[in-house]
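> Mind docking chain B on chain A? Use the hints.
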Amino acid sequence: MSVKLEEIWFRYPRNPKWILKGISLTFRENEVTVVVGPNGSGKTTLLKIASLLYKPLRGLVEAWGNDFWSLTGDAKIKLRRRVVYVHEKPILIKGTALHNVAYGLLLRGFSREESLRIAENLFTRFGVPYLKGKPASMLSAGESQLVSLLRAIVLNPSLLFLDEPMAHLDLGKRRIVLSMIRDLVKNGVGVVIATHDFSLAQSLADKAVILEEGAIAAEGGSEVIFEYLGQKV
Amino acid sequence: MIKEIVEITLRSLSISGAATLLASSWSIPVAYKISRSQRLSAFFMPIVEAIIGMPTVLIGLVMYMLLCSRGPLGIFRLLYTPYAIILGQAILITPLLIATSFRSLFHANQRYGELALTLGATERQAMKLVLTESTPGIIASIVMSFSRALGELGVALMVGGNIRGYTRVITTAIALEVSRGEFELALTLGCILITILIIVSLSLRMLRRLQPL
Numbered sequence: 001m002s003v004k005l006e007e008i009w010f011r012y013p014r015n016p017k018w019i020l021k022g023i024s025l026t027f028r029e030n031e032v033t034v035v036v037g038p039n040g041s042g043k044t045t046l047l048k049i050a051s052l053l054y055k056p057l058r059g060l061v062e063a064w065g066n067d068f069w070s071l072t073g074d075a076k077i078k079l080r081r082r083v084v085y086v087h088e089k090p091i092l093i094k095g096t097a098l099h100n101v102a103y104g105l106l107l108r109g110f111s112r113e114e115s116l117r118i119a120e121n122l123f124t125r126f127g128v129p130y131l132k133g134k135p136a137s138m139l140s141a142g143e144s145q146l147v148s149l150l151r152a153i154v155l156n157p158s159l160l161f162l163d164e165p166m167a168h169l170d171l172g173k174r175r176i177v178l179s180m181i182r183d184l185v186k187n188g189v190g191v192v193i194a195t196h197d198f199s200l201a202q203s204l205a206d207k208a209v210i211l212e213e214g215a216i217a218a219e220g221g222s223e224v225i226f227e228y229l230g231q232k233v
Numbered sequence: 234m235i236k237e238i239v240e241i242t243l244r245s246l247s248i249s250g251a252a253t254l255l256a257s258s259w260s261i262p263v264a265y266k267i268s269r270s271q272r273l274s275a276f277f278m279p280i281v282e283a284i285i286g287m288p289t290v291l292i293g294l295v296m297y298m299l300l301c302s303r304g305p306l307g308i309f310r311l312l313y314t315p316y317a318i319i320l321g322q323a324i325l326i327t328p329l330l331i332a333t334s335f336r337s338l339f340h341a342n343q344r345y346g347e348l349a350l351t352l353g354a355t356e357r358q359a360m361k362l363v364l365t366e367s368t369p370g371i372i373a374s375i376v377m378s379f380s381r382a383l384g385e386l387g388v389a390l391m392v393g394g395n396i397r398g399y400t401r402v403i404t405t406a407i408a409l410e411v412s413r414g415e416f417e418l419a420l421t422l423g424c425i426l427i428t429i430l431i432i433v434s435l436s437l438r439m440l441r442r443l444q445p446l
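Note that the protein sequences, when read in sequence, are chains A and B. First residue of the first sequence? That's 1 in the numbering used here, and the numbers climb one at a time after it. First residue of the second sequence? That's 234 in the numbering used here, and the numbers climb one at a time after it.
Careful, some of the hints might be misleading.
Here's a subset of chain A near chain B, in silico, CB distances under 7 Å, partners left out [stated by the list, open to error]:
id: 1; residue: 13
id: 2; residue: 53
id: 3; residue: 77
id: 4; residue: 80
id: 5; residue: 81
id: 6; residue: 84
id: 7; residue: 85
id: 8; residue: 91
id: 9; residue: 104
id: 10; residue: 107
id: 11; residue: 108
No more than 35 Å apart at the CA atoms, straight line, and that leaves these computed lysine-lysine pairs for DSBU-like [said to hold, decoys possible]:
id: 12; chain 1: B; residue 1: 361; chain 2: A; residue 2: 173
id: 13; chain 1: A; residue 1: 76; chain 2: A; residue 2: 4
id: 14; chain 1: B; residue 1: 361; chain 2: A; residue 2: 89
id: 15; chain 1: A; residue 1: 48; chain 2: A; residue 2: 134
Because the hints were derived from the structure by calculation, they are not lab data. Virtual Cβ for every residue (Gly too), placed ideally from N, Cα, C.
Chain A with its partners taken away, still in its complex shape:
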């Protein structure tokens, strides 16, 4: 078991509308979970709660057996370092793509030389060494997305949360990202993907969760996606 959500209710400050209504889910390592649903169904909020960024208003977030929001200090940081969330719109810091990828390692106490070496290897491994010297401000949307994915992968998380990972990617980069995801799962990482692209969801999912207006409409293997679509047509 990795991250378990129990009866999660969430709404944003000064907004009476509940974004998530009593969601209970478990995200495990070594499998691809796809969260599918139309825009505004609560996918991003669900991922941010499961990736230990947002505190729910009601409900329990259990991370590797610990009630996450009752923890403090180092214990909290230690668990948070096991999960990484990748934003739909990539957020890059000043500096080169290489610096961006190495940044998370620097935060975790790696030396500068070691961080840069590990980051460089990752660029080479995924066939994009030409990106590493580019300043973040000069990267295209697709390249930025790729760099933010590499920045997450380099941290070797137990669970990786990807919010619309294919949103800005062309066909070539989609292939790179798909191979990244398969590579990660093979190495025991749990990947959680939020998307409204049903065909992508169907091709990747070990487990599918369909969200509708903040509640789970269906849950199961990838076949539930077709069943759901069949009901909608």
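Leaving out everything else, chain B in the frame of chain A:
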């Protein structure tokens, strides 16, 4: 004459510069704190924004009452010294500094605060990232506040006293020369002030170009 103009100009720059540094020392931490909390920002920011346009003579009057020999801060004998102007100008520009640096910090907190957390940063590391990413915005608000301090008259006149060779700054010198009918000198000082403000404004524009998109 030229020597006196140079002296007044340098005094203006040093007093307003010191006031800006002093105000930055408390305004930026306050802005950071407010930017971290939606409740604090919802409560404080309308108040801060409302008092940006407070008349300088009103602040001058309050400062005068605080610093005069019978006032609560009278024992420090600051009235009619450059220190009184520094303190007064620092208070004057505090709301402007908080409001403008808050915008950069709030934006940076939204973007980079969450990013830092998900990359496993500690609170201190997250703060460092937010401050680094909002540096151009913070510098821009410091420069803007310096410009406001340099061009104000009310505080410098009321708590500085416009003492020749001691507390006379560009704006108080202009007021004095106008009252004397020395329009030529007043205009020269005015031109110097405007030149400085234009240089400050141009540097502000250059800094804005550095602001990340």
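> Hint by hint, where does the structure go against what was stated? Just the numbers, ascending.
none
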